[in-house]
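Chemist: Could you build all of it, start to finish, from the sequences and the hints given here?
2 protein chains.
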Amino acid sequence: MTKSEKVLRIGLAGAGVVGQGLLKFLAQRPDFAPAGATVVVTGVSARNRERQREVDLSDLVWFDDPVELAMSDSNDVFIELIGGSEGPARTAVEAALSLGKPVITANKALLAVHGHDLAVLAESTGAALLFEAAVMGGTPAVKMLREGLVGDDVSRVAGILNGTCNFILSEMEASELSFDVVLADAQARGFAEADPTTDIGGFDAGHKIALLGALAFGGAPDFSTAEIEGIDQVELLDIRLARQLGFRIKLIAQATREGRLASVRVNPALVPLSHPLAQAGGSLNALFIEGDRIGRIFLQGPGAGAGPTAAAVAADIADLLTGARRPVFQKPARLLARLSPADHAHRKTAAYIRLLVADKPGVIAAVTDALAKAGLSIDSFLQRSVQDTGLVPIVLTTQPALESSVDEAIEHIAALDVVIERPRMIRIAQI
Amino acid sequence: MTKSEKVLRIGLAGAGVVGQGLLKFLAQRPDFAPAGATVVVTGVSARNRERQREVDLSDLVWFDDPVELAMSDSNDVFIELIGGSEGPARTAVEAALSLGKPVITANKALLAVHGHDLAVLAESTGAALLFEAAVMGGTPAVKMLREGLVGDDVSRVAGILNGTCNFILSEMEASELSFDVVLADAQARGFAEADPTTDIGGFDAGHKIALLGALAFGGAPDFSTAEIEGIDQVELLDIRLARQLGFRIKLIAQATREGRLASVRVNPALVPLSHPLAQAGGSLNALFIEGDRIGRIFLQGPGAGAGPTAAAVAADIADLLTGARRPVFQKPARLLARLSPADHAHRKTAAYIRLLVADKPGVIAAVTDALAKAGLSIDSFLQRSVQDTGLVPIVLTTQPALESSVDEAIEHIAALDVVIERPRMIRIAQI
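So the protein sequences, as listed, match chains A and B. With our numbering as the guide, the letters of the first sequence map in order to residues 1 to 431. With our numbering as the guide, the letters of the second sequence map in order to residues 1 to 431.
Certain hints may be false.
Remember, identical chains collapse to one label, so a pair may be satisfied in a single copy or spanning two.
List of simulated lysine to aspartate or glutamate pairs, EDC-like, C-alpha gap at most 16 Å [stated by the list, open to error]:
#1 K24 x D292
#2 K348 x D369
#3 K24 x D153
#4 K6 x D180
These are computed hints drawn from the structure, not numbers from a lab. All of these numbers come straight from a predicted model, not from anything done at the bench.
Modeler: See below:
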């Protein structure tokens, strides 16, 4: 690409935490010269030019419009750290790729939603599109699935992909505080965004698992078919009760393939305390990969932060300089598998169900009868002492059963006169 | 390389477990066409043509001499699965690289011993030299360190890299049988070689950690400076006592960098039961990677077997077809860091020490005095009941101290009249 001059000129759009991390890395590591080329940032674009930053941008050519930066001849590679599936990030990435200019991005939303179209575009102009920083920060999960495991048929990827949610759940358990209190504290400390919806709603983990599933299965990402449930309904009470039953509640993202069907989903789930995913606390990310030949691989590391994420962007820069010609996802866009969403009613799950019932004779019989009618077997049953109000909290876990049967049982139970509030169901992870 | 014809012709040297695994993979996956090229094995070489195999080799051109296969125009890539740092494997790999022919190998011994020379040779002719299958089977540790983490300064890699040793240690604990009995059983079941020295002597893990350390630190592998201790001296008694103290004994391979110094070593070590490395049982492999920016990454997977290892070879084939031009190790051979071996006497370790002493007054005082003289602080002390023989077994663990102090303390203790046999010291892992 720049073989003759041996300088790679970068246009950087987005000078937030990760962008500044990258500038710092390049300043600290003047010897970072993959394949002999020197890496130099020549132009930058960000929302606010005046904002106080840890790095000095005054030597760089400023672009008010990231699209102009993406199209400028003054750089050889466009690095997009703006974020968001639409707007300037999308327009700028499309503009660079249209010109055949390589793009490096950390934008999981953009790729999860428009990945297939962008792959078609990139492959039509021969531009590379790299996104190691989009998932698990500096832990190279993207490279592992796109390149390291192509000699296998991967059937499942599952894990913890959102550090903010993992931090909040860990804090709730450690501090015995409610979701709202812990979230407000995380926001105050800068661990959660002012508008936390993308994280706590499970959407960020959904974008990431849609991407990883696509890489794992040789398909195109399709965020529109993902089933997403966040952690905003997780109560401290459930964290405590799960703990008593030997579980920890985690936000689990998973993508599973069965033949031409794939399911991509994110939901809070109970994980046995001894399981590696239960032990990944704080803002750690963790991932299981299951394949026919490789068996089970486990990968864990910091999921975010300036250092790790900038390291992932730098790895993409190095990759670009090898001149590797590879498709954006595991296969060329025209060969990507068309995977239909699996019908969730046919999926099996074990369930944790929490009830509040009136303290009347025959209540337990009524509840267990409702479960039996739906074909559910009870795995454990925990009746708490009667409250002052005359109400009895009950927690039970079921054996794995069809999700449709679990839904049916919940409806039966909710319809009982003695049941005071809608039962709370949380899946038990089968990992 | 074969862009016009779209066929990649492979010469395969070695038709053992991994070679047959690769042939099976290619037979099962006719769609395995990375970058559009079809992969075909055209020639094969192995020690014994007549041996019964799970795959049919009769359609392939047979070469008695792997060097001839390596030099033959009938293939575009030479895959070396013979093994061994010298002899036909080395000669054949050198022959292929000299011609500028790409080589894929699973041979950790060859690379750990001659890696630098081979990198110089490969880079002089422009031939690729890939070796994902050399370490951790199908778990892409090589790709992770060579490519995924180049945007960081990795200071340490440490873990469990020999599946046979891990299997034997796990079996000793589970079955309460001695090393010799478990090894004989593992040999009978095909989990250990007839001559097990390479595995149980720690040499295989040493080759692997020398390679991973080189990739991690941007240096050349240098097996000659590795300190190697195997598991053949691990007694069931120590496994039991360690367990009582809250530890499990594992064969730990680690490479550590401090400035221009690096240490590479393999030794049995006590790992706390709750540590992920203690929980990697059976023939699993596991690895921690620590870097300035990325923090700590943990990677675990099956370390061997036909399926995983063949998947790693296939991933290298796919990599080759991207046309990526990258150095053999993390940097071009001429730029590889020259790292001197660190002086082990300046290294710190905590130690487990097991003694057998005579049941006489003042014995404990004499032992603790010897420890104090060497500057060692005791962390835990376990005196077992007096044996019929009038001898008292003592087990103690120390706080971290200079290895030279630990050596000195052992000498002091061994010299005491009341100490019946040479004390047994096993390091406590600082991971």
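Chemist: Now tell me if each hint is right for this structure.
Modeler: Verification of the supplied hints:
In this homomeric assembly, K24 and D292 come within 16 Å of each other (Cα to Cα) only across copies, at 13 Å, whereas the closest approach inside a single copy is 42 Å. Taking CA atoms no more than 16 Å apart as the test, K348 paired with D369 passes in neither setting, with 21 Å inside one copy and 63 Å between copies. With identical chains, the CA atoms of K24 and D153 are at most 16 Å apart between copies only, with a shortest distance of 14 Å across copies and 39 Å within one. For the identical chains of this complex, K6 and D180 are neighbours neither inside a copy (52 Å) nor across copies (59 Å), given an alpha-carbon limit of 16 Å.
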